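Peer 1: Just need the whole structure built from these sequences, with the hints factored in.
Chains as they are written, first to last, in the numbering used here: chain A, 1 to 111; chain B, 1001 to 1114.
Source of the hints: derived by calculation from the structure; they are not laboratory data. Note that the structure is a prediction, hence the values are computed from the model and not measured.
Dumping the calculated DSBU-like pairs for lysine-lysine here, alpha-carbon to alpha-carbon at most 35 Å:
hint : chain 1 : residue 1 : chain 2 : residue 2
1    : B       : Lys1106   : A       : Lys78
2    : B       : Lys1049   : B       : Lys1109
3    : B       : Lys1109   : B       : Lys1061
4    : A       : Lys83     : B       : Lys1106
5    : B       : Lys1109   : A       : Lys78
6    : A       : Lys83     : A       : Lys57
7    : A       : Lys78     : B       : Lys1049
8    : A       : Lys42     : B       : Lys1106
9    : B       : Lys1061   : A       : Lys42
10   : B       : Lys1071   : A       : Lys57
11   : B       : Lys1058   : B       : Lys1113
12   : B       : Lys1071   : B       : Lys1049
13   : B       : Lys1049   : A       : Lys42
14   : A       : Lys57     : B       : Lys1061
15   : A       : Lys42     : A       : Lys57
16   : A       : Lys57     : B       : Lys1049
17   : A       : Lys42     : B       : Lys1058
18   : B       : Lys1109   : A       : Lys57
19   : A       : Lys42     : A       : Lys78
20   : A       : Lys42     : B       : Lys1069
21   : B       : Lys1049   : B       : Lys1113
22   : B       : Lys1113   : A       : Lys42
23   : A       : Lys57     : A       : Lys78
24   : B       : Lys1071   : B       : Lys1061
25   : A       : Lys83     : B       : Lys1109
26   : B       : Lys1106   : A       : Lys57
27   : A       : Lys57     : B       : Lys1058
28   : B       : Lys1069   : A       : Lys57
29   : B       : Lys1061   : B       : Lys1049
30   : B       : Lys1071   : A       : Lys42
31   : B       : Lys1106   : B       : Lys1049
32   : B       : Lys1109   : A       : Lys42
Next come the chains, spelled out residue by residue.
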Amino acid sequence: EPEVTQTPSHQVTQMGQEVILRCVPISNHLYFYWYRQILGQKVEFLVSFYNNEISEKSEIFDDQFSVERPDGSNFTLKIRSTKLEDSAMYFCASKVSNEQFFGPGTRLTVL
Amino acid sequence: AQSVSQHNHHVILSEAASLELGCNYSYGGTVNLFWYVQYPGQHLQLLLKYFSGDPLVKGIKGFEAEFIKSKFSFNLRKPSVQWSDTAEYFCAVTGGGSQGNLIFGKGTKLSVKP
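Peer 2: As structure tokens, this is what we get:
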């Protein structure tokens, strides 16, 4: 069964560094999402992406964040200058109709 | 703004007990409703969803949920839980956003004692 994959599973970085989180959505899916979950808190929507552009973003998704679909398979989330409060689990999701399929997540730890 | 409330933070049950997890949402328009489950160390998986039609929806692993529009509720139920149901359960809603962005509740951790 096809699934969404994410790499790395755990990323540790220093405050101020750039990180790129990678996702490979399910191949025939058209809509892509990033969510995050800070430890002990709810899963929060960050951004949605369709037709090679951002379709919607939340207040969390400020100028430090960007997304890209550099080729036909990868979907990346970049944080330009990480802050301590960016430490969270980041989930990628994709869908073709009404159901979103989630990846296993990348745990980002900012020191 | 839309929001989702899950009433219970942590529920502890013995095997064979019945389960009901509460979920309320705040959005006056047409909504799609979901329950996701996250088993320890695993990713979010869809348990069931409601878009329209019969308000009682059945999902995987014996779970069901009832959409009660007048109460803005979508409670999850299972008649008899098993130890393997130990997981975190998230209620989510889409509506209003053009691309169906999910709004999640805080989650309910279910611990089932063998």
